[in-house]
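Engineer: In terms of this note's numbering, the sequence shown is residues 295 to 574.
Any given hint could turn out to be false.
Result set (DSSO-like, lysine-lysine): computed pairs, CA atoms no more than 27 Å apart in a straight line [to be verified]:
{"id": "1", "residue 1": "LYS533", "residue 2": "LYS402"}
{"id": "2", "residue 1": "LYS296", "residue 2": "LYS427"}
{"id": "3", "residue 1": "LYS344", "residue 2": "LYS333"}
{"id": "4", "residue 1": "LYS344", "residue 2": "LYS427"}
{"id": "5", "residue 1": "LYS344", "residue 2": "LYS296"}
{"id": "6", "residue 1": "LYS447", "residue 2": "LYS521"}
Just so you know, these hints were derived from the structure itself, not from any lab.
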Amino acid sequence: MKVIVTGSQGMLSQDLIPIISTEHETVSLAANELDITNKEKVFDVIGESKADLVINCAAYSQVDQAETEIEQAFRINAYGVQQLALACRQHRSTLCHISTDYVFDGTKNEPYQPFDQPNPISRYGASKLAGEKFVQSILNRYYLIRTSSLYGKNGNNFVHTILQLAGKGGPLKVVCDQQMSPTWTVNLAQGILRLISTGNFGTYHLTDRTNGGISWHEFAGRILERKGSHAEIEPITTKQFARPAKRPAYSVLDTSLFTLCSGYEPLPWEESLKRFLETI
295 MKVIVTGSQG MLSQDLIPII STEHETVSLA ANELDITNKE KVFDVIGESK ADLVINCAAY
355 SQVDQAETEI EQAFRINAYG VQQLALACRQ HRSTLCHIST DYVFDGTKNE PYQPFDQPNP
415 ISRYGASKLA GEKFVQSILN RYYLIRTSSL YGKNGNNFVH TILQLAGKGG PLKVVCDQQM
475 SPTWTVNLAQ GILRLISTGN FGTYHLTDRT NGGISWHEFA GRILERKGSH AEIEPITTKQ
535 FARPAKRPAY SVLDTSLFTL CSGYEPLPWE ESLKRFLETI
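From just these sequences and the hints, can you work out the full model?
Structural biologist: So, in structure tokens, the structure goes:
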């Protein structure tokens with residue numbers, strides 16, 4: 295299968311591309327090679343490549359900045375995704391689109407299912423939901439994968455931030471009242487590889503397994519424990535850690551449908567973290 299990966303310089307893409315390339319002919323396109331908001335370019339590239347599948351990793355992911363950069367967030371996360379979907383429909387390519395747990399409002403107390411009603415509470419979440427709706431309304435052949443709290447070797451993320459702050463000394467303050475599922479980019483990439491070979495189109499959730507979720511404070515504690523750090527971590531509430539964008543209090547995603555339809559069982563979060571920390 296011939297596969298295009300957009301946003302190839304991103305954290306997920308840099309782990310995804312070598313994994314996809316083990317089984318498929320892969321063309322990686324950075325933002326300066328394919329701006330997904332450039333309609334003419336999108337149609338030309340997908341048409342000329344004769345790609346069987348497009349994996350869209352291009353995204354505006356600055357959650358707090360999206361509160362003021364609303365137009366830019368929607369331009370990339372909604373309009374750009376619309377252009378990809380339209381081009382894929384015209385050229386009979388399948389689209390695999392990556393979305394987020396932030397399309398949910400966090401009011402549940404059990405993991406969100408793919409068919410649960412989204413209700414974003416931030417501009418970022420709203421822009422990602424708009425992109426999802428374009429994919430679902432334009433295409434029949436698509437994989438829409440929501441994921442959560444990504445970390446990987448090639449980008450800024452929570453794990454790197456915690457290690458950097460711990461190295462500077464002094465106590466760390468980490469939110470303890472937001473429950474989520476962290477996701478190692480390699481774990482996600484391996485799951486994507488399995489799903490795209492099935493032809494089981496639809497909307498899915500894929501994160502590391504947490505059995506109901508963990509808090510950012512718990513995650514930070516395990517990161518430092520694994521690295522042998524004795525830095526002090528102070529639990530604080532979301533209210534104490536004010537940010538421009540609201541975060542869901544509970545955004546754990548249920549991955550059982552993904553496993554059922556792909557045969558891929560994501561790693562437990564502690565095992566993913568252990569393997570990741572061994573690489574840095």
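Engineer: Check whether the Cα positions of LYS344 and LYS296 lie no farther apart than 27 Å.
Structural biologist: holds (8 Å)
Engineer: If you draw a straight line from the CA of LYS344 to the CA of LYS427, is it 27 Å or shorter?
Structural biologist: holds (25 Å)
Engineer: Would the pair LYS344 and LYS333 pass a check requiring their Cα atoms to be no farther apart than 27 Å?
Structural biologist: Measuring from Cα to Cα gives roughly 17 Å; hence the hint holds.
Engineer: Would you mind confirming whether the straight-line C-alpha gap from LYS533 to LYS402 stays at or under 27 Å?
Structural biologist: Roughly 19 Å between the alpha carbons, so the hint for LYS533 and LYS402 holds.
Engineer: Verify the proposed pairing of LYS447 with LYS521, using a straight-line Cα cut of 27 Å.
Structural biologist: holds (15 Å)
Engineer: Measure nothing beyond the straight line between the CA atoms of LYS296 and LYS427; if it is 27 Å or shorter, mark the hint as holding.
Structural biologist: Holds: LYS296 and LYS427 sit about 25 Å apart, inside 27 Å.
This entry satisfies every hint, going by the numbered hints stated previously.
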